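Protein chains in written order, with the working numbering: chain A, 413 to 552; chain B, 413 to 552; chain C, 413 to 552; chain D, 413 to 552.
Note that these hints are calculated values from the structure, not bench results. Among the hints, a few may not be true.
For identical chains, the list gives no copy identity; a pair is met inside one copy or between any two copies.
Straight-line C-alpha distance at most 20 Å; calculated EDC-like pairs for lysine to aspartate or glutamate [claimed, not checked]:
| # | residue 1 | residue 2 |
| --- | --- | --- |
| 1 | K496 | E485 |
| 2 | K492 | D473 |
| 3 | K492 | D471 |
| 4 | K496 | D473 |
| 5 | K527 | D473 |
| 6 | K513 | D473 |
| 7 | K487 | D534 |
| 8 | K456 | D473 |
| 9 | K492 | E526 |
| 10 | K496 | D449 |
| 11 | K513 | D449 |
| 12 | K513 | D471 |
| 13 | K492 | D449 |
| 14 | K527 | E537 |
| 15 | K456 | E491 |
| 16 | K513 | E537 |
Quick caveat, the model's predicted, so the values are computed rather than measured.
Protein chains: 4
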Amino acid sequence: MFTVTVTPRFGDADALGHINNVSMALWFELARNPLFDIFVPPAKIPDRGNFPLIMVHTDYDYLAQMYLRSVVEIKTWIEKIGNKSFTVYHEAWQSGRLCAKGRAVIVYYDFGAEKSAPLPGDKRELLSGHMLPQEGDFGR
Amino acid sequence: MFTVTVTPRFGDADALGHINNVSMALWFELARNPLFDIFVPPAKIPDRGNFPLIMVHTDYDYLAQMYLRSVVEIKTWIEKIGNKSFTVYHEAWQSGRLCAKGRAVIVYYDFGAEKSAPLPGDKRELLSGHMLPQEGDFGR
Amino acid sequence: MFTVTVTPRFGDADALGHINNVSMALWFELARNPLFDIFVPPAKIPDRGNFPLIMVHTDYDYLAQMYLRSVVEIKTWIEKIGNKSFTVYHEAWQSGRLCAKGRAVIVYYDFGAEKSAPLPGDKRELLSGHMLPQEGDFGR
Amino acid sequence: MFTVTVTPRFGDADALGHINNVSMALWFELARNPLFDIFVPPAKIPDRGNFPLIMVHTDYDYLAQMYLRSVVEIKTWIEKIGNKSFTVYHEAWQSGRLCAKGRAVIVYYDFGAEKSAPLPGDKRELLSGHMLPQEGDFGR
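If we strip away everything but chain A, and leave its shape as in the complex, we get (with noise of 0.2 Å):
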């Protein structure tokens, strides 16, 4: 599981108060960074030529309403490794209460053939440390 905690800014609520739907995408984006590390060297800045990995579907589930003044953590897990792609799952926390939870699903990309390719084995290997529990509630 990565962690990341989120403070919102004042223009993350919308006009009724509540944090605004896209802050999620925001902060989903944001708490997938750790998984960019598996992917492209720390190092380097990401391009076509060296960055393997397109957006091919993301969801979101808005359990309860978000409020400017409280942190919010965004906890996010594997939630499942295909042959090409893989599965993020993410829950956002704010004053011990589970407010939004989502997904996105990535495919391992080649931007120069335009095209799809199997998750090389030691990238599998290093998604797999991070697999959403199955049973139970272990660590949630």
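Once you've looked at the hints, dock chains B, C and D against the given chain A.
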């Protein structure tokens, strides 16, 4: 169906030279503006006292890369009208190609009482004028 | 002068019910799109190899509150053409009122060499066709 | 001085591989969070009834390119306290280098009456505890 044409701004593209996934959340939200007119008189500034909608789910499928320099057409339909909620379906087209699609599930909600409520009949009727065709491809 | 009409999205308003200051940065960036066509052929995807501009300054004056539900017209001029840079001037109008104005100073830049360079004569000439009127109010 | 450490998210970089200028507006807004605690009790959700500040000016100088993969430290001071407004000064540092700086001018404002008002003495005093050093470089 509602249609809005979006011009990508420079920062909508990320380090991979294509439109970042978060922009779809921004564009689909923009595309829902006409729906708000059904629920709040156009002259009113939305706030917790007069705006009766809350977002409970969004999802996005990224089907093809989008780029700067060409406009994107967002087409929006109502996919389903439930008892207390409705589902919006969006498509993003660039250069004649369907590049992304997604949904938003929106609940009729009383922010004062903090609970959902049945969709009023007149709102259901206005929404039903924009239903996604169920059979074949009429008008899509 | 370039003009672009922007429709605020729901999340452009913050907890105070007015358009958040950051939206102006997004909208003015969008308004500079036509300038890019002067520097990069429209069919090209911008990258460090073909895009010769870098931002060195932006400023924003917020003169009146803007709100959801009404479109905003962004008017853009060239205010100054220097040796290696030029200054863009923007105005945001809503409901017949000047609500914000601001500037962007952009340097002609070689990302490979990581240094600025003199603005080529043909680019200067194209920019000069969009100058802010210096005296009086012609066309503004 | 207030300090906040920001981790760039993937989409903060634009097609040039560097952090887009708009991210600075987002990050500096985030860095002003501690100032709000001076004006609104931390437990309150800000709205037009209890939040007494309005933004009238922001500016940004981009001094060096910033990139993904390294954190950015935002340092914030009060530069000036006027009769009805105050000026905030921000610096963004990445990898030991000052990469951007900027200001925000914020007016003490009554949203009900839609007019500015003198900064109360207790607020002035709290702000004055975070003044930018005027002479030399003490602590910067």
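Hint compliance check: list the failing hint numbers for this structure, sorted ascending. 1, 7, 8, 9, 11, 14, 15 and 16
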